[in-house]
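Using the sequences plus the hints, can you model the full thing?
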Amino acid sequence: MNKLVLAFSIVFSLSLSAKVNWKPIHSESNINIYTRDAGDGILPFRATGVIKAPLKVVLETLMDLSNKNKWSPKLKNVNVHKTLNENHMIISEYYKTPWPATDREFLLEGIKEKISDTKYIIKAKSLHNEKYASDEHVQADVKYLDVTLEKISDNETSIDFRFHGDLKGWMPVWLTNLIQKKWPLRFIQSLDSYIVTKNKAI
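Just so you know, the sequence shown maps onto residues -18 to -1, 1 to 184 in mature numbering (1 follows the signal peptide of the UniProt record, and there is no 0).
If you are wondering where the hints come from, they were derived from the structure by calculation, not from laboratory data.
If you're wondering where the values come from, they're calculated on a predicted model, not measured in any experiment.
C-beta: ideal position from N, C-alpha, C; glycine also.
Check the hints yourself; a few may be wrong.
[To be verified] List time: in silico EDC-like cross-link candidates among lysine to aspartate or glutamate, alpha-carbon distance up to 20 Å:
1. K96 x D142
2. K56 x D136
3. K182 x D136
4. K164 x D85
5. K96 x D19
6. K125 x E10
[As the list claims (entries may be wrong)] Label-pair distances were calculated between CB atoms; the ranges are:
7. D136 x S116: 35 to 43 Å
8. D117 x E138: 42 to 50 Å
9. N3 x A183: 36 to 44 Å
10. T179 x E10: 27 to 35 Å
Here it is in structure tokens:
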């Protein structure tokens, strides 16, 4: 029953995302950044690009949480609170926020879902549970954080990164706007660079 509910939630979420009208706001290094009016005062973002690596490698890198802070922008570290199965976890991601704002915690329940042999989606949203929350961080409220990967060729993978959430706490408008535009851009750039550099070292 739980698997049926989970599958329905994923399909429903994907169908809603497909109907959203995204407005382009920035383009750099063949990465496109979009936003839209969410109607709740919180501006979501979407970023699309291409990683120069096989689908399997990109997927394994994203799921390697112990090394994610080596490339993910402003990420200090990841704490895995509970592993429900190999594709379903409860984690905290701790992010450094520029002064004078307080560092943020993304307390998330995440799943990895295989759509087909050539397409996967990693989905996460906030889990409100004081048992796992850090007193030293502001708790962000993540409505959804979706990363869709799809094979283009043997050595290329498309990435579609979508986020809608409230970073909560006090944060100047300029910093919010900077995060919205630069975080998804740096995320894809850093992921691509990390994979390419790692493969060269092998």
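Hint-by-hint comparison with the structure:
1. This hinted pair checks out: K96 and D142 have alpha carbons roughly 15 Å apart, not beyond 20 Å.
2. In summary, the hint linking K56 to D136 is not supported, as the alpha carbons are separated by about 31 Å, beyond the 20 Å threshold.
3. The hinted pair formed by K182 and D136 meets the criterion: a straight-line CA distance of about 17 Å does not exceed 20 Å.
4. At most 20 Å may separate the alpha-carbon atoms for a hinted pair to count; K164 and D85 meet this at roughly 17 Å.
5. This hinted pair does not check out: K96 and D19 have alpha carbons roughly 30 Å apart, beyond 20 Å.
6. The hinted pair formed by K125 and E10 fails the criterion: a straight-line CA distance of about 26 Å is larger than 20 Å.
7. For D136 paired with S116, a C-beta distance near 41 Å keeps the hint of 35 to 43 Å intact.
8. For the pair D117 and E138, the beta carbons lie near 43 Å from each other, so the given range of 42 to 50 Å is met.
9. Remark: the range hint 36 to 44 Å for N3 to A183 is upheld by a beta-carbon distance near 42 Å.
10. Restraint check, T179 to E10: a C-beta distance of roughly 20 Å breaks the suggested window 27 to 35 Å.
Of the numbered hints stated above, those contradicted by the structure are hints 2, 5, 6, 10, listed in ascending order.
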